[in-house]
Every structure is written in C-alpha cells, then in structure tokens.
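**Q** Sequence:
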Amino acid sequence: MQAKWRPVWEKLDPFKARDDGSAERRYALTMFPYPSGDLHMGHAEVFALHDVQARYWFQQGYDVLNPIGWDSFGLPAENAAIRNNENPAVYTYGNIETQAESIRRYAISFDWSRRLATSDPEYYKWTQWLFLRFYEKGLAYRKASFVNWCPNDQTVLANEQVVQGACERCGAAVTKRELTQWYFKVTDYAQQLLDDMDQLAGKWPERVLLMQRNWIGRSEGAFADFVIEGREEPIKVFTTRPDTLFGATFMVVAPDSKLADEICTAEQRPAFEEYLKAVKASTEIERLSTEREKTGVFLGAYATNPVNGEKVPVWAADYVLADYGTGAIMAVPAQDQRDWDFAEKFDLPIVRTVQPDEGFEGKAFTGDGPAINSANDEVSLNGLGVAEAKAAIIDWLEQNGTGERTVNFRLRDWLLSRQRYWGAPIPIIHCPACGEVPVPDDQLPVELPDLRGEDLAPKGVSPLAAATDWVNVSCPKCGGDAQRDTDTMDTFVDSSWYYLRYCSPDYSEGPFDPEAVRRWMPAQQYVGGVEHAILHLLYSRFFTKALRDMGLLDFDEPFTGLLNQGQVINNGKAMSKSLGNGVNLGEQIDAFGVDAIRLTMVFAGPPDDDIDWADMSPGGSLRFLQRAWRLAGSVEAPVGADPATGDLALRKATHKTVHEVTELLEAMRFNVVVARIMELVNTTRKAIDSGPGAADPAVREAVETVAILLSLVAPYTAEDMWENLGHEPTVAKAGWPTVDPALLVEDSVEAIVQIAGKIKDRLQVSPDITDADLEAMAMASDAVQTALAGKTVRKVIVRAPKLVNIVAG
Numbered sequence: 001m002q003a004k005w006r007p008v009w010e011k012l013d014p015f016k017a018r019d020d021g022s023a024e025r026r027y028a029l030t031m032f033p034y035p036s037g038d039l040h041m042g043h044a045e046v047f048a049l050h051d052v053q054a055r056y057w058f059q060q061g062y063d064v065l066n067p068i069g070w071d072s073f074g075l076p077a078e079n080a081a082i083r084n085n086e087n088p089a090v091y092t093y094g095n096i097e098t099q100a101e102s103i104r105r106y107a108i109s110f111d112w113s114r115r116l117a118t119s120d121p122e123y124y125k126w127t128q129w130l131f132l133r134f135y136e137k138g139l140a141y142r143k144a145s146f147v148n149w150c151p152n153d154q155t156v157l158a159n160e161q162v163v164q165g166a167c168e169r170c171g172a173a174v175t176k177r178e179l180t181q182w183y184f185k186v187t188d189y190a191q192q193l194l195d196d197m198d199q200l201a202g203k204w205p206e207r208v209l210l211m212q213r214n215w216i217g218r219s220e221g222a223f224a225d226f227v228i229e230g231r232e233e234p235i236k237v238f239t240t241r242p243d244t245l246f247g248a249t250f251m252v253v254a255p256d257s258k259l260a261d262e263i264c265t266a267e268q269r270p271a272f273e274e275y276l277k278a279v280k281a282s283t284e285i286e287r288l289s290t291e292r293e294k295t296g297v298f299l300g301a302y303a304t305n306p307v308n309g310e311k312v313p314v315w316a317a318d319y320v321l322a323d324y325g326t327g328a329i330m331a332v333p334a335q336d337q338r339d340w341d342f343a344e345k346f347d348l349p350i351v352r353t354v355q356p357d358e359g360f361e362g363k364a365f366t367g368d369g370p371a372i373n374s375a376n377d378e379v380s381l382n383g384l385g386v387a388e389a390k391a392a393i394i395d396w397l398e399q400n401g402t403g404e405r406t407v408n409f410r411l412r413d414w415l416l417s418r419q420r421y422w423g424a425p426i427p428i429i430h431c432p433a434c435g436e437v438p439v440p441d442d443q444l445p446v447e448l449p450d451l452r453g454e455d456l457a458p459k460g461v462s463p464l465a466a467a468t469d470w471v472n473v474s475c476p477k478c479g480g481d482a483q484r485d486t487d488t489m490d491t492f493v494d495s496s497w498y499y500l501r502y503c504s505p506d507y508s509e510g511p512f513d514p515e516a517v518r519r520w521m522p523a524q525q526y527v528g529g530v531e532h533a534i535l536h537l538l539y540s541r542f543f544t545k546a547l548r549d550m551g552l553l554d555f556d557e558p559f560t561g562l563l564n565q566g567q568v569i570n571n572g573k574a575m576s577k578s579l580g581n582g583v584n585l586g587e588q589i590d591a592f593g594v595d596a597i598r599l600t601m602v603f604a605g606p607p608d609d610d611i612d613w614a615d616m617s618p619g620g621s622l623r624f625l626q627r628a629w630r631l632a633g634s635v636e637a638p639v640g641a642d643p644a645t646g647d648l649a650l651r652k653a654t655h656k657t658v659h660e661v662t663e664l665l666e667a668m669r670f671n672v673v674v675a676r677i678m679e680l681v682n683t684t685r686k687a688i689d690s691g692p693g694a695a696d697p698a699v700r701e702a703v704e705t706v707a708i709l710l711s712l713v714a715p716y717t718a719e720d721m722w723e724n725l726g727h728e729p730t731v732a733k734a735g736w737p738t739v740d741p742a743l744l745v746e747d748s749v750e751a752i753v754q755i756a757g758k759i760k761d762r763l764q765v766s767p768d769i770t771d772a773d774l775e776a777m778a779m780a781s782d783a784v785q786t787a788l789a790g791k792t793v794r795k796v797i798v799r800a801p802k803l804v805n806i807v808a809g
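Going by UniProt numbering, the first residue of the sequence shown is number 1, and it counts up by one from there.
By construction, these hints were calculated from the structure, which means they are not laboratory data. Remember, it's a predicted structure, so these values are computed and weren't measured experimentally. Among these hints, one or two may not hold up.
[Stated by the list, open to error] Once the Cα atoms are required to be at most 27 Å apart in a straight line, the calculated DSSO-like pairs of lysine-lysine come out as:
no. : residue 1 : residue 2
1   : LYS802    : LYS791
2   : LYS459    : LYS143
3   : LYS137    : LYS477
4   : LYS686    : LYS656
I would like the entire structure built from these sequences, with the hints used as guidance.
**A** Spelled out as structure tokens, the structure:
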C-alpha cells in the first residue's frame, strides 16, 4: 500500500494550501525538527498527533496551511563536522534529506512547497534583518557581564539553557565567565508577556502558562535607599516585603557584582577576592540552593537603614545574584530562612518584625501576621496586617524621598551571543572610529565563510575570529579598517519567527509578506513538546509583540492553541543508547507498517500522556487495520446507493459515531476517536455477517464513513479502502460526513437501578420518561422487589432517564 499510494499523493499534491480565498483558512503548525539523524519515536508521536488535527481540518473543507521545515543551525552539526573534518552543512543537509524522505513515507499532510531550513542563507538573511530592526529599536544591545559558560562546548548559555547546573546539550558543569555579549531586551515586555496569557487561558495547557508565569516572576514591592558610607549614590534595594524594613539588620551584595568590588574596603579586599574566585566556580543553581551551606565575606562597609537610621554591615554572599534587581538585598533574618541561616553562622542580629502564629517554634517566620518592633518617630506599623503595613511604609518612604513603589521581574534579558560557527552571524561591524555599525540591509546576508574540521574546534572564542579574510572589512560609515562581529546567534532566534516565514517562504521583499501573515496568523493549533514551554514559546511571544510594535504584525500572540504531546519511553525510562532501551522507528515501520505505528501512537492514551512502548501493541493495531480494510471488499451496494433505504440501526450507529468523533476531535481526545472507529468497524462487520447484509446501502455508508474517519490516523489503509469502494483518490479530501440529527434521537435508553450503590436491574426506557414514571418502573421490577424484601425504602433518587438510586435499610 505504501509503495502504491505515495506516488499518487505526490502527483495530486492534495495538501498544498490554496490561499485563494475560496475557503476559511486554518494554520496547523508543528514544532519543526532538528536534523540530527533520521526520525525517532518522538517524531513519530508528535507528527501522528499533529496530522490528526490537520487532516480533520482538510476533511472539513478548510484551506489548511500545514508547512514543514528544519531548525538546522546548532552545536550537534558543528561537533559532527569537527569529528568528520567537514563543513556542518554536509551533516545538516544530509540529515534533512534523510528526514524528509522518512516524513513523506510517514504520510504527514505537509505542504512541501513551503519547506525551509533556518541555515539557508535565504532564511538567515532575514534573521539578520530582524536583528537589525531590534537593534534600531534598542531591543538588541551589547554589554559586559558574567555569563554561563560551558567549558566543553566553549560557548555561553542563556539561563534557560542551564539545567540543574549543567549544559542542557552536553551535560558539562556550567561555570561563570565575564564576556561582552549581545542581548535582546525581553524585560521590556515582561508585563505584556504576563498580561497576554489571559488570551491563552483555556487554549494552552495550564501547566505551561504556570511555568511561564513563574519564569517571568512578577513581584510587587518597593525600592528602599540604603546609603553607604563614603558612596555618593545610595543603593536601591528591591524588596517584596517593605513592611519588614525595621528588621533589616545587615545587607548582602552579590560577590560578582560591580557594587561589591566598588564598596569593598582595602582591608577586606584580599578576603573578598579569594571568596570571589570560589563563587565564580559555582553554578547559579548551586548558589540558589536552600540546602547549600551559607558562605560570605564582610566587605568592610556599612549602610544606613532608611527607616530607623541604624548602621548595618554589608556582606558579599553567593546566594544573591548580580543580575537580580540591583544585585543587593536587605537581609531580614527573622522573616527569611536563608538570611536567618546566614545571620546564625556569622553572629548577626535578628529582629522579628512580624508576630509569629501562636505556638510557632521555628526560626524564620515567613507567614503573615501583625507587625511588631516596627516604629519610628514618624510612622508606626505595629499591629497592622501585612497589606496595610506595606502601604503605610511605602507611603512614608516616598514622602521622605528614600524609596518608591515598584514592580520587579525574575525574567532577565535574553543572552543571544554564541561563540560557535554554525549559526547566523551577528550583522554588526566594529569600527575603532564609529563603534558598532550595522551591516547595511543591501549587504545581507552576512554569509558564513567555509570552515571545516579542526577550524571549528572550540577555542574559547568564536571559530569565526580566525577567518581573517571574512572578519576584516571596511566600515560602512567611514570606510576605515573594521572587523565583523564574530559571534553567531542563539538558534532560538531562528525558531522565534519561522512560523511567520512559512506564510510566504519565497517572499523577497522582507522576512514575510505582511498580507500573507495577516491571512494565516495567528496559528490556531501548535503541537510540540512541553520541554519548550519556557524557552521557545516565551521567545516567540516576545518576537511577536516586538514586531507588532514595529508595525509589522497586527496581533498579540503567535499561537492561539497549544497541544503538548507526552514522551515516548520504554520500560518506564527515557529511551537512550546507554540504557540499551532505544527503539528504532524504521524497524518498527518495516515490521508493522506506517499506519499501525501511527494508530498505536494515537490510540495509546491522551495526547499529553507519556507512551511506554513496551506496553504498546503495534501488532494489535495492524490486525485491526486489516479488519477495517476487509470491510471495503465486502460492500455490495453500488456507489451512490441511497443510505436512507438501508438498515436504520446501522445508520444510527454510523451517525452517532460521526457526531461523537467530531466532538472528541474538537476536544483533542484523539485516543477516544480511535476507540469509536473501532466500535463502528465491529458494528459494521456484524451487520454484514449477521444483519442486513453486504448489499444494504447502510453498510456502504458505514464503510465509507470508516474510511474517512480512519484517514486521519491510517492514511494508506483508508486510501486503499476508498479505492475498493469505487472512489477516486484522495480520501483525505472526501469531506467530513454529514450527521442527520434525526438519527441521533434514541428510541430507548438504558436506565440503571441501584440499591445501596449496587446495580440490581437495567431497564430500557424512553428518553423522555419522567422521574415519576421511571421510579414506578423501577419499583415494579421483579429484581428490585426481590432485593428489597424485608427492607424499608428510606429514599429514592431519580435522574431520568439514566438512573434510579434506592436507599433502603
């Protein structure tokens, strides 16, 4: 079947978006793959689930945009090129062709005319163009700071790419290194990113929205000014609990911040510099661990608490991060366990400013309660609740010019520089006279030079730095000697806008045709892994809002619907070569066929549940598909036979199935859809073998319906059935079956009669039966009377037409 139908579909090209206004448009989008090799079991799942939705829309007659491409820049290709002494393009495009062939074999309803790869110069030209627009708007900037450094891959990592202190790609322990890097100013959109999630509620998984809210981390509070002896400018300290200011008995500064270096006294500098070395060897995750033993060093400086005028010592400690707020916190040990642990270790004062609950026997009290020990000559918080105390002390700070209300975010700007070759070069030229000079638009793309093998080996700086013929250029402004920026962009930049390019992949006047984007976007359904819940989705949302504000888009959110598929595991564990539990997708397809694998993936459970392949039965799926296929060969009624003249019971079963499947598809309960198709196959087989027979027009209607419904999951089998039923290809565009509402009306329904929660009888009753009549029928039942013998009926609960519950004793 696979060899038979694939060339037919490729000739017909049924899934090419018409984009001519002839039908309502729908955009079905799946997270595009990275070309690291052939398709694996995870691809098989996400593509199968995605295709159910896309093919359903095709059957409904929508004009569907369902594109495919590759996220093709990145470290794996570069590392492979080093091993094989070749350019990364060889590895990348070879794998793209391998995957493309497998995807076609897997029969996904992609529009291949929109195919793209982010490593194509025709694509990354526009990635560079977008970077320059961000640069013009002040959303792209360069600064020196301590960054996450992977010593193995010899490149910086964004905070989001550090997982439990290790590089998410290679697993090496991440360290800190001071470098001048490029950033996108995501923080300018922190509040919008948070607020606009209201538009996604009920359309995105709640856990994804929660993860994004937590990552953005909005907190309301105040800045309080702490004056440092000998320093003209006060330190603005952010706190979410300004009501506890009277309990601030010391300050803590991030040791790797400029502030710590600035205020450290000469006497304390040797100890501070020794401590700083140790801190730089620690990861951010380690530093923030609540179980980590507190360490620190006194900086020799003192600050003045703005609410009581007391001098408090200033310490450097690794549990404060340089890029959170101002890199300094006020330490209130009585209300913060980390501060308490630090105060205990270094014998610093502890003053309670919130009354603990009665019987509280712990150390730091982090709950709410009335303020205590919180008064000066002008304001008293004592006795006030937290909200009132916050408002009162912020008012006092603002009146005295020593603080202000503010909002802070955990979200930090996106570090996008990478010291590797295989990525989009940053289109900036550095001129000694002119500074940072954007590459003129008419000189884009800045293409990568041809480097390979050892030329790409990590050296602590970008391999591009050694390509002197490429690096050394004339300044576009003054014509003098200048150099290109040698860093490349994080691959998440490429994937933050690819869905826009799909709308017009051959457009040459810009990154996308604004009219095409207006026709197709936002994407109604996005399918992909939950591992991208923060990084990719947050960055894509940021890009959309920034481009909207530039007048290039007219919507707020790129994806109005989101489905996260589960993971395919084996024997309870993630598949891996080291565990020896990997499953080869190609071998599974060879053994059982594409349709059986697709059906197994969809039928395994709810789309967001993990699939344990050890528990799956592709052989069982294959046997079912064979039973379904045989139905088409049994039909004897001619094409076009009027089903209204056929068996009523079978017609009702068919129309009920279509009705239920439609509702299930809208709710994305794809596994239950398969179950309903299986039920209809069984019902139809019984009708052929022992019911009205193969010549009944209702049998043809039922089998045609099976073929159409099955086309969402098993396209090869469905197409063959469609041909055997006497139709021209393709079943994928046959049209969704129309439901006759009259056939959904039930002549009778089953009513359950329970006594003490146990079923005693089942009654066939009219769907319109009243509570009183149903109760009378239940009480007249011989089985019920036998069960009630010697008992007193205390209560009868009736839910017509389905349930009678009798309470007796």
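**Q** Does each hint hold? Answer for all of them.
**A** Okay, the hints, checked on the actual structure:
Proposed proximity of LYS802 and LYS791 is supported: the alpha carbons are some 24 Å apart, at most 27 Å. With a CA separation close to 21 Å, the supplied pair LYS459 and LYS143 stays within the 27 Å bound. With a CA separation close to 20 Å, the supplied pair LYS137 and LYS477 stays within the 27 Å bound. For the suggested pair LYS686 and LYS656, the alpha carbons sit about 17 Å apart, so the restraint of at most 27 Å is met.
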